[in-house]
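Could you put the whole structure together from the sequences, leaning on the hints where they help?
Number of protein chains: 2
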Amino acid sequence: MQLLEERIRRDGKVYDGDVLKVDSFLNHQIDVGFLCTLGKEFYRLYRDSGVNKILTVEASGIGVACLTAQYFGCPVVFAKKSKTSNIGTDVWSAAAHSYTHGTDHTLVVSKSYLGAGDRVLILDDFLANGCAAKAMLALCAQAGAQVVGAGIVIEKAYQKGGDDLRALGLRVESLARVASMSPTEGIRFCD
Amino acid sequence: MQLLEERIRRDGKVYDGDVLKVDSFLNHQIDVGFLCTLGKEFYRLYRDSGVNKILTVEASGIGVACLTAQYFGCPVVFAKKSKTSNIGTDVWSAAAHSYTHGTDHTLVVSKSYLGAGDRVLILDDFLANGCAAKAMLALCAQAGAQVVGAGIVIEKAYQKGGDDLRALGLRVESLARVASMSPTEGIRFCD
Chain A
1 MQLLEERIRR DGKVYDGDVL KVDSFLNHQI DVGFLCTLGK EFYRLYRDSG
51 VNKILTVEAS GIGVACLTAQ YFGCPVVFAK KSKTSNIGTD VWSAAAHSYT
101 HGTDHTLVVS KSYLGAGDRV LILDDFLANG CAAKAMLALC AQAGAQVVGA
151 GIVIEKAYQK GGDDLRALGL RVESLARVAS MSPTEGIRFC D
Chain B
1 MQLLEERIRR DGKVYDGDVL KVDSFLNHQI DVGFLCTLGK EFYRLYRDSG
51 VNKILTVEAS GIGVACLTAQ YFGCPVVFAK KSKTSNIGTD VWSAAAHSYT
101 HGTDHTLVVS KSYLGAGDRV LILDDFLANG CAAKAMLALC AQAGAQVVGA
151 GIVIEKAYQK GGDDLRALGL RVESLARVAS MSPTEGIRFC D
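Line by line, the protein sequences give chains A and B. Here the first sequence stands for residues 1 to 191, where the numbers follow this note's numbering. Here the second sequence stands for residues 1 to 191, where the numbers follow this note's numbering.
Any given hint might turn out to be false.
In silico DSS-like pairs for lysine-lysine, Cα to Cα no more than 30 Å straight-line [what the hints assert, rightly or not]:
hint: 1; chain 1: B; residue 1: K21; chain 2: B; residue 2: K111
hint: 2; chain 1: A; residue 1: K111; chain 2: B; residue 2: K111
hint: 3; chain 1: A; residue 1: K160; chain 2: A; residue 2: K21
hint: 4; chain 1: B; residue 1: K160; chain 2: A; residue 2: K40
hint: 5; chain 1: A; residue 1: K40; chain 2: B; residue 2: K40
hint: 6; chain 1: B; residue 1: K21; chain 2: A; residue 2: K21
hint: 7; chain 1: B; residue 1: K134; chain 2: A; residue 2: K40
hint: 8; chain 1: A; residue 1: K111; chain 2: A; residue 2: K13
hint: 9; chain 1: B; residue 1: K111; chain 2: A; residue 2: K21
hint: 10; chain 1: B; residue 1: K134; chain 2: B; residue 2: K81
hint: 11; chain 1: A; residue 1: K81; chain 2: A; residue 2: K111
hint: 12; chain 1: B; residue 1: K81; chain 2: B; residue 2: K40
hint: 13; chain 1: A; residue 1: K134; chain 2: A; residue 2: K13
hint: 14; chain 1: B; residue 1: K160; chain 2: A; residue 2: K13
hint: 15; chain 1: A; residue 1: K21; chain 2: A; residue 2: K111
hint: 16; chain 1: B; residue 1: K134; chain 2: B; residue 2: K13
hint: 17; chain 1: B; residue 1: K134; chain 2: A; residue 2: K21
hint: 18; chain 1: A; residue 1: K13; chain 2: B; residue 2: K21
hint: 19; chain 1: A; residue 1: K81; chain 2: B; residue 2: K21
hint: 20; chain 1: A; residue 1: K134; chain 2: B; residue 2: K160
hint: 21; chain 1: B; residue 1: K81; chain 2: B; residue 2: K160
hint: 22; chain 1: A; residue 1: K21; chain 2: A; residue 2: K81
hint: 23; chain 1: A; residue 1: K81; chain 2: A; residue 2: K134
hint: 24; chain 1: B; residue 1: K160; chain 2: A; residue 2: K111
hint: 25; chain 1: A; residue 1: K134; chain 2: B; residue 2: K81
hint: 26; chain 1: B; residue 1: K81; chain 2: A; residue 2: K111
hint: 27; chain 1: A; residue 1: K81; chain 2: B; residue 2: K13
hint: 28; chain 1: B; residue 1: K40; chain 2: B; residue 2: K134
hint: 29; chain 1: A; residue 1: K134; chain 2: A; residue 2: K111
hint: 30; chain 1: B; residue 1: K13; chain 2: A; residue 2: K21
Hint data in this document are derived by calculation from the structure and do not stem from the laboratory.
If you want it as structure tokens, here you go:
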């Protein structure tokens, strides 16, 4: 998606340690109008897939998930990163590792909000190693929910997550695919 | 807001320990269309206040903040609950205690995204003891940003947060104000 690539080139910052910082518009400050444009693109891609639920992970996926869900007319469910005293024990759960934060955690979703009959679009801001997406797939499998595909804002295509998911037969639509990046050379997108 | 009170009566669950669970539509599963209706109400209340930024806290505030921000045509900034390796050290920060989760944490916002010249609407899903709201006020004070008010989905009016904030001279608009609640007696709203 050219508009997104231009925005990443303009506002994204690349740091050592494989960090692409886009927190001016995507995941700390949120450019809501721009994310609506991304949401419309996800809708264009998946409008015929019978999506009735969007699943994402707290916290950085919630904005794009909510703004996208408007076009689908469906609810969002966000997986939580650890059990809280409020959520009860009646949850689907799957382990996930965050390379960004160097932490292990468990993603949990209440069994009340994900089940058989759901046709799920998985959405997230980033896809790199694919740990979060795979954990969300696991949650859907436990629930008996059907996953129609994944919608990703930025895929680091040089990491294995996207390939892994596609090898599973999952449809993965990434609005921007980074082929390579470095603080000195900048960002190159896949053709 | 009658529509919200009806929804809370219908779908909310009260548990011992002062827990009002509304995670079927507000903060785990998100009824996006309904939250847009709440967002329009926040816009009606604050449309003349010159809001140019909405500030909330991850994770449960992000959905309502993003869906509300559409009507204001302004960005959202969400405070993060701890420093991450991505956010750098150039942050405003304030301590906060979560009674819900029984945890202490520090709210941080990048100095790049909150500053003098900002006219901030603070939004959150719940107001109880007011710790999160006060921490957001502290962040805005550090930044030299002006706070035009707070918009709260559900205020536990029998706790001190709302009174504390109003005593500071802050405009606080809560769409539902719970006067009392218990698992046996149910929920009573303020008149």
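Verification of the supplied hints:
Proximity of K21 of chain B to K111 of chain B is assessed by CA-CA distance (about 34 Å); at most 30 Å being required, the pair is judged violated. For the hint pairing K111 of chain A with K111 of chain B, the CA-to-CA distance comes to about 39 Å; that exceeds 30 Å, so the pair is violated. The suggested pairing of K160 of chain A with K21 of chain A holds, with an alpha-carbon distance near 20 Å, which does not exceed 30 Å. Proposed proximity of K160 of chain B and K40 of chain A is contradicted: the alpha carbons are some 42 Å apart, above 30 Å.
A C-alpha spacing of about 21 Å is found between K40 of chain A and K40 of chain B, which places the hinted pair at or below 30 Å, so the restraint holds. Proposed proximity of K21 of chain B and K21 of chain A is contradicted: the alpha carbons are some 35 Å apart, above 30 Å. Of the supplied pair hints, the one linking K134 of chain B and K40 of chain A is violated, its CA atoms being roughly 36 Å apart against a limit of 30 Å. For the hint linking K111 of chain A to K13 of chain A, the alpha-carbon distance of about 39 Å lies beyond 30 Å, and the restraint is violated.
For a cut-off of 30 Å, the pair hint linking K111 of chain B to K21 of chain A stands: about 15 Å separates their Cα positions. Straight-line distance between C-alpha atoms of K134 of chain B and K81 of chain B comes to about 14 Å, which keeps the hinted pair within the 30 Å bound. Among the hinted pairs, K81 of chain A with K111 of chain A is consistent with the structure: their alpha-carbon atoms are about 15 Å apart, no more than 30 Å. In summary, the hint linking K81 of chain B to K40 of chain B is supported, as the alpha carbons are separated by about 27 Å, within the 30 Å threshold.
At most 30 Å may separate the alpha-carbon atoms for a hinted pair to count; K134 of chain A and K13 of chain A meet this at roughly 27 Å. The suggested pairing of K160 of chain B with K13 of chain A is violated, with an alpha-carbon distance near 42 Å, which exceeds 30 Å. Only pairs whose Cα atoms come within 30 Å are accepted, and K21 of chain A paired with K111 of chain A is rejected, the gap being roughly 34 Å. Distance hint between K134 of chain B and K13 of chain B is fulfilled; the C-alpha atoms sit about 27 Å from each other, no more than 30 Å.
Distance check on the hinted pair: K134 of chain B and K21 of chain A sit about 28 Å apart at the alpha-carbon level, within 30 Å; holds. Between the alpha carbons of K13 of chain A and K21 of chain B the distance comes to roughly 40 Å, so the proposed pair goes past 30 Å and is violated. Restraint check for K81 of chain A and K21 of chain B: satisfied, since their Cα atoms lie roughly 18 Å apart, inside the 30 Å limit. Of the pairs offered as hints, the one joining K134 of chain A and K160 of chain B is violated, with about 43 Å between alpha carbons and a cut-off of 30 Å exceeded.
Simply put, K81 of chain B and K160 of chain B have alpha-carbon atoms about 22 Å apart, close enough for the 30 Å limit, and the pair holds. Distance restraint check for K21 of chain A and K81 of chain A: the Cα-Cα separation of roughly 22 Å lies within the 30 Å cut-off, and the hinted pair is therefore satisfied. This hinted pair checks out: K81 of chain A and K134 of chain A have alpha carbons roughly 14 Å apart, not beyond 30 Å. For the given pair, K160 of chain B sits about 34 Å from K111 of chain A by alpha-carbon distance, which is inconsistent with the 30 Å threshold.
Among the hinted pairs, K134 of chain A with K81 of chain B is consistent with the structure: their alpha-carbon atoms are about 25 Å apart, no more than 30 Å. Distance hint between K81 of chain B and K111 of chain A is fulfilled; the C-alpha atoms sit about 26 Å from each other, no more than 30 Å. Straight-line distance between C-alpha atoms of K81 of chain A and K13 of chain B comes to about 22 Å, which keeps the hinted pair within the 30 Å bound. Distance restraint check for K40 of chain B and K134 of chain B: the Cα-Cα separation of roughly 25 Å lies within the 30 Å cut-off, and the hinted pair is therefore satisfied.
With a C-alpha separation of about 18 Å, the suggested pair K134 of chain A and K111 of chain A falls inside the 30 Å cut-off, and the hint holds. Distance check on the hinted pair: K13 of chain B and K21 of chain A sit about 40 Å apart at the alpha-carbon level, beyond 30 Å; violated.
Of the numbered hints listed earlier, those contradicted by the structure are 1, 2, 4, 6, 7, 8, 14, 15, 18, 20, 24 and 30.
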